[in-house]
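Use these hints to put chains U and R onto chain A, whose structure you have.
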Amino acid sequence: MHTTAWLIPLLPLFGAALIGLLGRKIGKTAVAVIGVGVVALAFCFALRAFFLAGSAPDHRLESLSFTWMSTGNLSVPMGLVFDPLSSLMALVVTGIGALIHLYSVGYMWEEEGFARYFAYLNLFIFFMLCLVLGNSLPLLFVGWEGVGLCSYLLIGYYFETDYAPAAGLKAFLTNRVGDLGVIIGMMALFAHFNTLTIAELLTKVGHLSPEVGFGVLSFATLMLFVGACGKSAQIPLYIWLPDAMAGPTPVSALIHAATMVTAGIFMVCRLAPLFQLAPITLNVIAWVGGLTALFAATIGLVQRDIKKVLAYSTVSQLGYMVMALGAGGFAAGFFHVFTHAWFKALLFLGAGSVIMAMHHEQDLFKMGGLRSKLPITFWTMLLATLAIMGFPGFSGFFSKDEILYLAYLKHPALWVIGVAGACCTSFYMWRLMALTFWGEPRDHHAYEHAHESPWTMTLPLVVLAAGSVVVGYLGIPEAFGGHFSIGRFLEPSLAYGQLHVHEGHHGGPAILLACVSTILGLGFGLFGFLSYRSGTALAESRAARFPLLHRILLNKYYVDEGIERVILSPVRGLGRLLWQVGDVIIVDGIGVNLPAALARLAGDLLALFQTGRVRNYTLGMVLGALAILWIFFK
Amino acid sequence: MFLIFALITLLGALAMFRSRNLIVAGLCLVLCFLGVAGLFLLLANPVAAALQIIVYSGAIVVLVLFVIMLLNSHEEEAAAQPHRIQRWLGALAAAVLGAGACKAVLSSPGLVRIGQESPARVMDLQQVGTSLFQQHVVAFEAAGLLLLAAMVAAVALVKKEL
Amino acid sequence: MNSALLQGSLQGYILVALLLFVIGLATVLIRRSLLVQFMGIELMLNAANVALLAFARYRGGDVQGTVFYLFIIAVAACEAAVGLALVVALYRHRHTTDSDSADALRR
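Chains A, U and R, in that order, give the protein sequences. Note that the numbering used here gives residue 54 to position 54 of the first sequence, counting from 1, and the numbers run on in steps of one. Note that the numbering used here gives residue 125 to position 125 of the second sequence, counting from 1, and the numbers run on in steps of one. Note that the numbering used here gives residue 3 to position 3 of the third sequence, counting from 1, and the numbers run on in steps of one.
FYI, nobody ran anything at the bench for these hints, they're computed from the structure. Warning: the hint list may mix true and false statements.
[As the list claims (entries may be wrong)] Across the chosen pairs, the derived CB separations fall in these ranges: (1) U:144 <-> A:617: 26 to 34 angstroms; (2) U:122 <-> A:625: 48 to 56 angstroms; (3) U:54 <-> R:64: 41 to 49 angstroms; (4) U:137 <-> A:599: 49 to 57 angstroms; (5) A:623 <-> U:116: 33 to 41 angstroms.
Please read all numbers here as calculations on a predicted model, not as lab measurements. Every residue, glycine too, gets a C-beta built ideally from N, C-alpha and C.
Bound conformation, chain A alone (with noise of 0.2 angstroms):
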């Protein structure tokens, strides 16, 4: 166990090196299986580890191997946890990271750059493994920052173009604010339980009853969630989630989809019952997510870029995950993470599927008609279509429905702005279908030279297309008769080293609720539908009849131009006046030019001195003992 647990982040990053080192030298062929084989490799191993932490006593496995750093009262073991939320996680990162792999071998077959998205890619799972598998908050923090490096590398992969690094470095710096407010949590939470482990702090809480007021915990808890907000594009950090999709788009389904956009919860769900104590923070949460998901659901409504209207998906899926961690419902949003995780990736490797077949075409206004040409792309992709929207049976009927049914619990007003932003989601994901694939041609040379794509690309979509249906089985909510069975095996880990198990509380119109939200939505994505299924003409005299709510949605709210306004550009002045008149004037002038200036002067005054002539010397030393001679025989 001991050694094969090691394997299993490792082996992601012996890919990366190997490719990164080597990549150029042998060959595309061997990057291909190197990169896709040390997933799907590290998939075996975790598969194991899933099954033995099944089987354990408490079903939690902690492969430890050595004290990490250990100064004053800070010891950190390096470790390796497997326990069901973990194992789980493992298993979403490496499987779903294995199919996207596969699916990058055809995708990026043309491109130049093979083996560096490969080494990229590899590392980013490496990563991501240390932050779901680390057993304390240090590795997790270094996986963290491992995920939003990878994530910038890869966004700024076409580094050839204006955007993509300039996207990269958005993503990177929007990062780092939440990251700071990790850090701060980190420091918080030591300087109250002197540890950063995950388990040994969580035993330290397990008997602790929820804070009243604004403490220590509410404190490092919302700066927690500051990190999560950062990392999982949040209410007010989300910006520069659609601006990511400058990556290649099996990256966006892989990273800004399906995985590192999750860290942010799985780290919520990771300390679970310390959140659990902070209601304020809990109470904040529910709020942020719940504003996120109807935000980000109403741009996504008017957007033209197939992969814009996904990420804006993105965001909004996410809120609805946060606002359930803030309904208490942290087994509910993990399962949430778990079915996006399949459908969104689905999603986004079905765009780029499009997206190839149409020439790097983005932009839907210029699609349509392309279900014929496109079979499995279409079939696949309208069964994510069914998942996201909450079709009943699907994987997102269940899991979003039981987030919805918690938020009720929590606030009816947040139930409400669940289940709009659910309206919105159906709608734009029926108008993204139907301007793809229903309708005429609107550019018919790309649609005349559109073409199904190799069997790498199709192979992934079908798994995840079959995953996507029936995931949701995992969890069928009690109010339908099921039994919520991943929240009974995720409770090892939620409540670890709890006391007192919290039970929620239930009750309420459930069925009702359901009822209510899934006829809503299902009205909504059909009107979508009919809206768009003949052409953007509908639409276009719709737009035409609320003009500035057309543009405020558009333009994303001027959530973007504000931010320019009121920190960007002050920030930049501040940092120009800095430059100008500290940097230039004070430090540069009078710090360092003003010696210089003066040392110079002086190697002036003494060059005189210094004629190189032999003659002038002998003159100096006859001066010189003259008045020595001077001094002695006066």
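Showing chains U and R alone in chain A's frame:
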């Protein structure tokens, strides 16, 4: 006698100092050295007088003249820029030093006292040789080494490729 | 006293040595040709010789004076050899024997 040789010496030196032509200067130097050799004779030291004539006015001045001929630079070049300060300060320093020293010599009672006891004894070569090879044999060897080193250095400096 | 000076007392020799030294020094300070400066150095060495042998004579014909005179000659010969070699080397580079032109240290 002393006056004649002293005048030969000083006038030779002055003529060398004033002379523009390097060869004339070299010949004046010979004259000066001959005067010094005369002074040595008056000091009852024929050994030193002979060495003075052989080594100084013979070997060294010949060497200097040889180099002058070799370099073909008979005349001093005109100065690229006048060095008045150097010139006047140099002259002043020399004059002050000379005047001060003359005053010190003329007013020194110690010199008069030493000069009074004068048992004139002629220096002979045997005495010199004995002293040289008994008391100063190490210094003698060191001088030999120095000469060797100087010879090697001169060859190394002047030879174009070794 | 003056007559004693003119007929060759110790003071007379020392005086000659001093004047010889001053003339040599003036030559080195004022003349620019390296060869003439070199001759000035020889003059100064000779001034030292004169003083040395004069003192030796008035100490009862001391042998040490002559021995040191020999050593001074040896050193002067070395100095002549190396110094003239330097002059020749300089002339090869600059085609001049002007000591002022050898001021590369300044730059």
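Results for each hint:
Taking 26 to 34 angstroms as the suggested C-beta distance range, the pair residue 144 of chain U and residue 617 of chain A conforms, at roughly 32 angstroms. The beta-carbon spacing between residue 122 of chain U and residue 625 of chain A, approximately 37 angstroms, falls outside the hinted interval of 48 to 56 angstroms. The hinted window of 41 to 49 angstroms between residue 54 of chain U and residue 64 of chain R is violated, with their beta carbons roughly 21 angstroms apart. Between residue 137 of chain U and residue 599 of chain A the CB atoms are about 55 angstroms apart, so this pair conforms to the stated range of 49 to 57 angstroms.
For the hinted restraint 33 to 41 angstroms between residue 623 of chain A and residue 116 of chain U, the CB-CB distance of approximately 37 angstroms keeps it satisfied.
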